[in-house]
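If you count by mature numbering (1 follows the signal peptide of the UniProt record, and there is no 0), then the sequence shown holds residues -19 to -1, 1 to 218, one letter each, in order.
The set of hints was computed from the structure by calculation and includes no laboratory data. We put the beta carbon where it would ideally sit given N, CA and C, even for glycine. Treat the hints with caution; some may be incorrect.
Claimed, not checked - Using 20 angstroms as the maximum straight-line C-alpha spacing, the simulated SDA-like pairs for lysine to any residue come out as follows:
(1) Lys60 <-> Ser194
(2) Lys163 <-> Ser153
(3) Lys29 <-> Phe70
(4) Lys163 <-> Tyr61
(5) Lys29 <-> Ser56
(6) Lys60 <-> Thr161
(7) Lys93 <-> Pro193
(8) Lys55 <-> Gln151
(9) Lys29 <-> Leu90
(10) Lys93 <-> Arg77
(11) Lys93 <-> Gln192
(12) Lys93 <-> Ser194
Claimed, not checked - Estimated spans, in silico, between C-beta atoms of each pair:
(13) Gln18 <-> Ala197: 19 to 27 angstroms
(14) Ser203 <-> Gln18: 32 to 40 angstroms
(15) Val26 <-> Arg117: 38 to 46 angstroms
(16) Gln100 <-> Asp12: 43 to 51 angstroms
(17) Ala197 <-> Lys93: 19 to 27 angstroms
(18) Glu177 <-> Leu115: 35 to 43 angstroms
(19) Arg58 <-> Ala209: 16 to 24 angstroms
(20) Val26 <-> Thr176: 32 to 40 angstroms
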Amino acid sequence: MFARGVVLTGFLFLLGASAGSGQEGKSYPADMAERVQACTPCHGVQGKGTTDPYFPRLAGKPAGYLFNQLEAFKSGRRKYPPMNYLLAFLTDDYLRQFADYFADQRPTLPEKSPTEVSQAVLDHGHALVTQGDLDRAIPACASCHGGSLTGQSPGIPGLLGLRPSYISAQLSGWRYGTRTAKAPDCMQLVAGRLTEDDVRAVAAYLADQPQPSDPAPSPAGSYALPFACGSQPEGGK
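Input sequences plus hints: build the corresponding full structure.
Structure representation (structure tokens):
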């Protein structure tokens, strides 16, 4: 349960801070590390993630992706009351500063929890992540999220440093339409072809991966996507 006091304190802190966020020379203010303290109870210092399985790592994800999610929570397209409440009265410019800040962070991945699945499940997840399943028209996760699974700017997120429960919950949200994105909603299309066993395997495999030598997302346009995706402008620009 998200404590009401934490939500209220975070809201007042973020709302008060947004009034003075127009410093020149940076995409976000120099004191942004202090301003994002309201985010750390759930998302960890520098957005690195925590041991809580249902709050995601924010650090290092492309700024465009992070802004899209903040805007979705602000508008109510993504529904989680504490986030909807915290962001309701913040300006888009301020949300972009938040996105830019977390996109710039490169903390190490949080410590992995011991896997609770068999090697066969991990092997199935590896196959789906790296090869997909052509017979079911399921592209490899890596074909969009990159060979190192760190994403591509501006709108495709990295998939590392997330807990299996969180990954499973998001894939299920895409499958059942409780999480959506701009049309064409490519994730809803792909996730709709996954079975429960597929979701479990993909989540377990991704959560078990180590940090790559370069955790940064690929630059925009580094590789072509297998199909059009509303969250990633054509050409990645």
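So, going through the hints one by one against the coordinates:
{"no.": "1", "hint": "Lys60 <-> Ser194", "verdict": "35 angstroms, violated"}
{"no.": "2", "hint": "Lys163 <-> Ser153", "verdict": "18 angstroms, holds"}
{"no.": "3", "hint": "Lys29 <-> Phe70", "verdict": "25 angstroms, violated"}
{"no.": "4", "hint": "Lys163 <-> Tyr61", "verdict": "18 angstroms, holds"}
{"no.": "5", "hint": "Lys29 <-> Ser56", "verdict": "25 angstroms, violated"}
{"no.": "6", "hint": "Lys60 <-> Thr161", "verdict": "10 angstroms, holds"}
{"no.": "7", "hint": "Lys93 <-> Pro193", "verdict": "14 angstroms, holds"}
{"no.": "8", "hint": "Lys55 <-> Gln151", "verdict": "18 angstroms, holds"}
{"no.": "9", "hint": "Lys29 <-> Leu90", "verdict": "7 angstroms, holds"}
{"no.": "10", "hint": "Lys93 <-> Arg77", "verdict": "30 angstroms, violated"}
{"no.": "11", "hint": "Lys93 <-> Gln192", "verdict": "11 angstroms, holds"}
{"no.": "12", "hint": "Lys93 <-> Ser194", "verdict": "17 angstroms, holds"}
{"no.": "13", "hint": "Gln18 <-> Ala197: 19 to 27 angstroms", "verdict": "25 angstroms, holds"}
{"no.": "14", "hint": "Ser203 <-> Gln18: 32 to 40 angstroms", "verdict": "34 angstroms, holds"}
{"no.": "15", "hint": "Val26 <-> Arg117: 38 to 46 angstroms", "verdict": "40 angstroms, holds"}
{"no.": "16", "hint": "Gln100 <-> Asp12: 43 to 51 angstroms", "verdict": "48 angstroms, holds"}
{"no.": "17", "hint": "Ala197 <-> Lys93: 19 to 27 angstroms", "verdict": "21 angstroms, holds"}
{"no.": "18", "hint": "Glu177 <-> Leu115: 35 to 43 angstroms", "verdict": "21 angstroms, violated"}
{"no.": "19", "hint": "Arg58 <-> Ala209: 16 to 24 angstroms", "verdict": "20 angstroms, holds"}
{"no.": "20", "hint": "Val26 <-> Thr176: 32 to 40 angstroms", "verdict": "37 angstroms, holds"}
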